[in-house]
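Spelled out from the first residue to the last, the chains are:
There are 2 protein chains.
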Amino acid sequence: MKVQSTPRWGAELKEKEVIKLAHGSGGKLTRELIDKLIRPKFGNRILDRLEDAAVIFFPPHLLAFSTDSYVVRPIFFPGGDIGKLAVTGTINDLAVVGAQPLVISCGFILEEGLPLATLNRIIDSMQKVACETGCEIVAGDTKVVEKGAADQIFINTTGLGLIRTKSSLSIERIKPGDQIIVTGTIGDHAAAVFVARQNLPVKTSLISDCASLYRLLESLWNLGEKIRFMRDPTRGGIAATLNEIANRRNFGIEIVEETLPIQPEVKGICELMGFDPLHLANEGKAIIVASPESVEIVLSLLKQHPLGKNSSVIGRIVENPLGLVYMKTNLGTKRIIDLPVGDPLPRIC
Amino acid sequence: MKVQSTPRWGAELKEKEVIKLAHGSGGKLTRELIDKLIRPKFGNRILDRLEDAAVIFFPPHLLAFSTDSYVVRPIFFPGGDIGKLAVTGTINDLAVVGAQPLVISCGFILEEGLPLATLNRIIDSMQKVACETGCEIVAGDTKVVEKGAADQIFINTTGLGLIRTKSSLSIERIKPGDQIIVTGTIGDHAAAVFVARQNLPVKTSLISDCASLYRLLESLWNLGEKIRFMRDPTRGGIAATLNEIANRRNFGIEIVEETLPIQPEVKGICELMGFDPLHLANEGKAIIVASPESVEIVLSLLKQHPLGKNSSVIGRIVENPLGLVYMKTNLGTKRIIDLPVGDPLPRIC
Chain C
8 MKVQSTPRWG AELKEKEVIK LAHGSGGKLT RELIDKLIRP KFGNRILDRL EDAAVIFFPP
68 HLLAFSTDSY VVRPIFFPGG DIGKLAVTGT INDLAVVGAQ PLVISCGFIL EEGLPLATLN
128 RIIDSMQKVA CETGCEIVAG DTKVVEKGAA DQIFINTTGL GLIRTKSSLS IERIKPGDQI
188 IVTGTIGDHA AAVFVARQNL PVKTSLISDC ASLYRLLESL WNLGEKIRFM RDPTRGGIAA
248 TLNEIANRRN FGIEIVEETL PIQPEVKGIC ELMGFDPLHL ANEGKAIIVA SPESVEIVLS
308 LLKQHPLGKN SSVIGRIVEN PLGLVYMKTN LGTKRIIDLP VGDPLPRIC
Chain Y
8 MKVQSTPRWG AELKEKEVIK LAHGSGGKLT RELIDKLIRP KFGNRILDRL EDAAVIFFPP
68 HLLAFSTDSY VVRPIFFPGG DIGKLAVTGT INDLAVVGAQ PLVISCGFIL EEGLPLATLN
128 RIIDSMQKVA CETGCEIVAG DTKVVEKGAA DQIFINTTGL GLIRTKSSLS IERIKPGDQI
188 IVTGTIGDHA AAVFVARQNL PVKTSLISDC ASLYRLLESL WNLGEKIRFM RDPTRGGIAA
248 TLNEIANRRN FGIEIVEETL PIQPEVKGIC ELMGFDPLHL ANEGKAIIVA SPESVEIVLS
308 LLKQHPLGKN SSVIGRIVEN PLGLVYMKTN LGTKRIIDLP VGDPLPRIC
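Same order as they appear, the protein sequences are chains C and Y.
Just so we're aligned: the first sequence equals residues 8 to 356 in our numbering.
Just so we're aligned: the second sequence equals residues 8 to 356 in our numbering.
Hints may contain errors.
In this list, chains with the same sequence are indistinguishable; a pair is considered to hold if it fits within one copy or across any two.
What the hints assert, rightly or not - No farther apart than 25 Å at their CA atoms in a straight line, the calculated lysine-lysine pairs in the BS3-like style are these: (1) 135 to 43; (2) 310 to 233; (3) 27 to 154; (4) 135 to 233; (5) 341 to 35.
Please keep in mind that the hints were generated in silico from the structure rather than gathered at the bench.
Computed from a predicted model, the values in this text were never measured in an experiment.
Turn these sequences into a full structure, and let the hints guide you.
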C-alpha cells in the first residue's frame, strides 16, 4: 500500500496558527490538517489507508469501523435532521467499503436549554433510519454543556460493520480505463441546507438527499473485482473524492460536464451564489469506480432501486495528466477541477 | 436479563421541558433522560444492559463496543488533558467489561480559532496513552464550528475491544455477601479539575487520577467467576455506580466510611465546598465486586500494580434495605447515599 510522505508539523507550530473554518471543509486545509498533524501522530497501517471506514482483520471476519461527528446547522432541514444525517452518514461510510452495518454508537453533546421535544424528534429520526437499515444503536453517551458553550446539539455516531464483498474495495485497485459512476443528482444536500439556512425568498421543492445507501450499494456486492472502489462524496463534494483518487494514485480523471446529473434548482442556486456543484456536499449519493465492461450491469442494478434511478457515468480514469481531475465542459474546453480552498458552506454535516 | 420498566416520554413532552446541566451529571436527571427518552426509542437487548460497553457476540468472539464524548473544562488540568481523558476513558470502559482495547476512533469538534499547537499537544497525549495500552487510533473525523459555537475542543472516542475474561462480567452476577473493592483514592479527578477551574489561592499537589486501567484490571481476568462486576466510577462518582447496582438488582449496599481511601486534600476541598466525595468523578479508579473468598487474592493482585496500591474493601452487598446504598459513618450512624441530584461540577469529563 502506498502512503504519501508529507512533511509533518511539530515543534515549529507557532501559537498564531489556529484552526480555521476551512479546516473542516473537506478541502485543501482539511487534507493539510490530516496529513501534517493527525496522521504523523496516530499513523498506523489502518488509519493511513484513509478510507471512509477502517478495515480490521478480525479472524475469520473483516470488520469495518467508522466515526463521524455532526454539527449541521440548522438541525432540521428539508429532507432530514441532524439525527437522520448522523445515522445515515455512518451507515454510508460502512456501506461504501462493502460492509453491512451491524451496530452503531451515539454520543450526544447537548446545550443547556435544548427542548426535550427537539431531542425526542431527533432520536426518533435516528431510530427510524437504523431500523430501516437493520442495524442497532447499542451504545451511547450524553454530555451537557452550559448555554453558549455549544450550538444546540452535536452528535457523534460510530459504526461497526461486517465486510460482505468478496474482494475488498480499495482506491489501490483502480486502473486507467475504469469508469466513474454517480448514483444520482449532485449537490442536493448542500443546496437544501443552504436554502433552509438563508431563509431565501424563493419557493423551492428542493430537499436534502440524506439517505441510507446500504440497500442500494449492497446490490453491487456480488460483482466482485469489477467494482474497484466506492465513496460517498459528502464534505468537499465530488471534487474532493475525485481529487483524492487522482492524487493518491497519480492518475488523471476526466469528467464530462454534460453527463453530470444536477437538478435545475441546484444549478440555479450555484449560478446565483457562485458555488461549484462539484464542491457541494451530498448525503445520499455514492461515487462508484467500476471496470469498463461492468458499467451496463452496474447501472442496471442501481436503477432498480429508487435511490439509484438517476445513476449515470460521469467520467473515467485516464493515465494523464498525473494527479489531476479535469472536466470537458459544454463549451468544448477543459477545466481543472480542484479541491475547494475555503468553505462556502460551513457546518453542512 | 432484567430490564426495568419505566414510563416513557413521548407526545406528552412539553416544549418548556428543556435540557439542564444536571442531565449530564451522571445523577438522577441523567438516569431519567436515559430511561424515559433514549432507552424506549433505541431500546434493544444490548443497550438495555446499560453496561459501560455494549457486548456483542460475533462468533467466535465476544466484542465490546463503547463510546464517550469529552467536554472537560479546562482542557488542560493537573495530571492530564482532554485528549488523555478521552482515550483513557474509552480504554477503561472496555477494560471494566473484561475487554482488551484493540482499536479506537476519534471525532474532533474544533472551535474556529483553536491554536494548532493546542491541538498538537492534545493529539500527542492521545497517542501516548493509546500506545501504552497497546491499542491503535484507526478512524477519525474533524469538524470545525465557528467561534462561539463550541468551547475550544470536544472529543468523541469510541472503542472496540475483545473480551478476554472467561466468564462475562455483569451486574446480574452480583450476590448478597459479595465484597466491594475500590482500586485507590476517590475524588481525585474532580477535585483536581475543580482547583484548576477556580484558580484557588491554595497551593496543592493534587493531580487528576486520569489513567488507563487496562493493565491493572487485566491482572484479575484469570480469576473467573470470582470477579462479578467492574465499573469505573466517573460522572456521579462511587455513589452513582453503587446506586445503579442496588437499584437494578434490588439489593442493599453497605459501605463503611472509615475504609474509604480519600486524600487529605480532597477531603479538605469537600469540607470547604460541601461536596460529597462519593459524588466526585474518578478517571483512573475501578469499583470491583468480588466473591467474599476471593478478596485477598484480588487485593494482592491489585497492589502489585502502581495504580492499585491503595486498593481496599469499602463495603459489601447486603439483602436489605432493598435498592438502597447506606454508609456506616465514623460517628456510628447510618446515612443513605443517594444519587447526586444537581451537578456541582458540570463538564468534569
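TODO: Compare the structure with the hints numbered earlier in the document and write down the numbers of the violated ones, lowest to highest.
DONE: The structure breaks only hint 4.
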